[in-house]
Amino acid sequence: MYLTNDEERALKGEYGEALEIGYRILSSIGRLTNASHLIEISSAHVSGVSYSTIGDYGKEFLERISLNAKVSVPTTVNPAGLDYQNPCDFNVNDNYVLEQMKIIKAYKRLGVTDSFTCTPYEGFYLPSKGSHVSWAESSASVYANSILNLMTNRESALSALASAITGKTPYSELHIEEFRKPTLSIQIKIDDLSNSVKFGVLGYFAGKITRGPVTFQNIKNPNSSEAKAICAAIGTSGASGMFMINEKVDKVERVDFTDNEFKNVYDELNDAEKGDAIILGCPHLNVNEINEISESIRDGKFSKKCLIFCSRRTYEEARRKGYADRIEKAGGKFICNTCAVFTPIISSLGVDNISTNSCKAAHYIKRVHKVSIFLKDSNEIIKESCR
Amino acid sequence: MKGVFRARGLVDGLGWGEALISKSPISFLGGVDPERGKIIDKSHELFGLSIDGKVLIFPYSVGSSVGAYVLYKLKENGKAPSAIINLKSDNVIVSGCAIAKIPLVDMVEGLSLIRKGDFLMVNGSNGSVIIY
Chain A
1 MYLTNDEERA
11 LKGEYGEALE
21 IGYRILSSIG
31 RLTNASHLIE
41 ISSAHVSGVS
51 YSTIGDYGKE
61 FLERISLNAK
71 VSVPTTVNPA
81 GLDYQNPCDF
91 NVNDNYVLEQ
101 MKIIKAYKRL
111 GVTDSFTCTP
121 YEGFYLPSKG
131 SHVSWAESSA
141 SVYANSILNL
151 MTNRESALSA
161 LASAITGKTP
171 YSELHIEEFR
181 KPTLSIQIKI
191 DDLSNSVKFG
201 VLGYFAGKIT
211 RGPVTFQNIK
221 NPNSSEAKAI
231 CAAIGTSGAS
241 GMFMINEKVD
251 KVERVDFTDN
261 EFKNVYDELN
271 DAEKGDAIIL
281 GCPHLNVNEI
291 NEISESIRDG
301 KFSKKCLIFC
311 SRRTYEEARR
321 KGYADRIEKA
331 GGKFICNTCA
341 VFTPIISSLG
351 VDNISTNSCK
361 AAHYIKRVHK
371 VSIFLKDSNE
381 IIKESCR
Chain B
1 MKGVFRARGL
11 VDGLGWGEAL
21 ISKSPISFLG
31 GVDPERGKII
41 DKSHELFGLS
51 IDGKVLIFPY
61 SVGSSVGAYV
71 LYKLKENGKA
81 PSAIINLKSD
91 NVIVSGCAIA
101 KIPLVDMVEG
111 LSLIRKGDFL
121 MVNGSNGSVI
131 IY
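For the protein sequence lines, the chains are A and B, in the order given. Sequential numbering from 1 applies to the first sequence in my numbering. Sequential numbering from 1 applies to the second sequence in my numbering.
Everything labelled a hint here was simulated from the structure, so no lab data went into it. Hints are not guaranteed to be accurate.
[Said to hold, decoys possible] Covered stretches of chain A (in silico footprint by chain B; criterion: 3 or more residues with CB under 8 angstroms from a CB of chain B, positions within the stretch not fixed): (1) 19-26; (2) 51-63; (3) 150-161; (4) 267-275.
[Stated by the list, open to error] Here chain A is said to cover these stretches of chain B; the calculated rule only asks that three of the stretch's residues, wherever they fall, bring their Cβ under 8 angstroms from a Cβ of chain A: (5) 1-14; (6) 65-73; (7) 98-105.
The beta carbon of each residue, even a glycine, is placed where N, CA and C say it ideally should be.
Produce the entire structure from the sequences given, and follow the hints as far as they go.
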């Protein structure tokens, strides 16, 4: 891969350790992905924030690199393992709180935006359409490519961090127009693709059978909740980084998505007949989604614990608009800046099964927390648990 | 000397040592103890063996992406392999070797000629492996 003289000097350590590490990561990933050179990016989104995911080894690396580094482009970060402004709401042990705070401090030293969300495209800086970015968090990078007309590969915590520090990314794969064409066409043969669970199941199905861009044929354009569900599910089940709706294609492989395919994937994710607690907000909810929950609650009260995950910025806006109040009066609990999966809060609930509308949460919660999943649309969950 | 073989150089640097070969993939998080530099996954074919100073050969990595930080920790503790050779590398092993400064190559032309204990010189910068 070609590097400019300046990039070569940075790689040799002439501009300090942080840039040296950054360019080491990018030049190595660039060779792995057959990139010709590095290009400038307009923003970065970095994963690897929750102590539950990166642990002590990740924390120690971040503490080290953050001593002498700053991000050079607008950079948002993923959710943490708990809400650092209200760390004592749940029975999380002191050591976890302490170590999580160290990670957050390291990111703040790096100069990131304190977004702490997996949906940085809702309420935070967005570059103009067509921009190259470097986004980790699989659901966000698929969303960036598919919905926002941004160009990014599916970055890892380390490659996105390297891009945030250097302001560059390898010019490869989904940064190149010719690699952004569908390599698989999925024909939708289900009459009623009507809620985000069904779109999620479709995304999960697609992610399992292709690594490349995929087009979904014969469906309406998904609304933003449905699009978030597709993106999160594609990112969970495989390596594909992009989908399109009704894209004209010829000579690509075709696969049908019928009631049969739907049922197989749904049955793989859904392994409970009820949920003793409710998890909503994977990916993090936006203000409209919170409003919808608020409307479907009416004057009811939750008969079980209902946890709602979103960024603090979203929560504050929902409060200002009066949407959060009704949910809280019904017994729902907002948890800000925290991942709905990679958090000790889930285990602290002490339940054996959980209701959620998220295929991504279903996939990970059962693996990480050994809890069964009741996968249902949020309207249905609220209808049966809020009276 | 068995010869000089071309490879794809992924992480710069020069590393040498005895070949330690695994036919199965390695999960660094949970599979390797970064304090002692040993394989601690009981179901792994290299269980109990030290990777410290070896040229570690395995097809690719599996498991958590936190494995990248485990490589960094191994290096900090002075227990890292001196170089790594993969059949086909992946994002986790590449970024881990990049931050830990462990020379890394994949797609080695003479891979099948390498035997356990052979002395190897791995050049991640120009992409070559010398088998002695």
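We went through each hint and held it up to the structure:
Counting residues of the stretch 19-26 of chain A whose C-beta lies closer than 8 angstroms to any C-beta of chain B gives 3; at least three are required, and the coverage claim holds. By the rule of at least three residues with a Cβ nearer than 8 angstroms to a Cβ of chain B, the coverage given for the stretch 51-63 of chain A holds, with 7 such residues. With 4 residues having a beta carbon nearer than 8 angstroms to a beta carbon of chain B, the stretch 150-161 of chain A meets the requirement of three or more and the stated coverage holds. Note: the stretch 267-275 of chain A has 0 residues with beta-carbon separation from chain B under 8 angstroms; the three-residue rule is not met and the coverage is violated.
Counting residues of the stretch 1-14 of chain B whose beta carbon lies closer than 8 angstroms to any beta carbon of chain A gives 5, which reaches the threshold of three, so the coverage claim holds. Counting residues of the stretch 65-73 of chain B whose CB falls under 8 angstroms from any CB of chain A gives 7; the rule of at least 3 is met. Against chain A, the stretch 98-105 of chain B contributes 4 residues with a C-beta closer than 8 angstroms to a partner C-beta. That satisfies the three-residue criterion, and the hint holds.
The structure does not agree with numbered hint 4 stated previously, though it agrees with all others.
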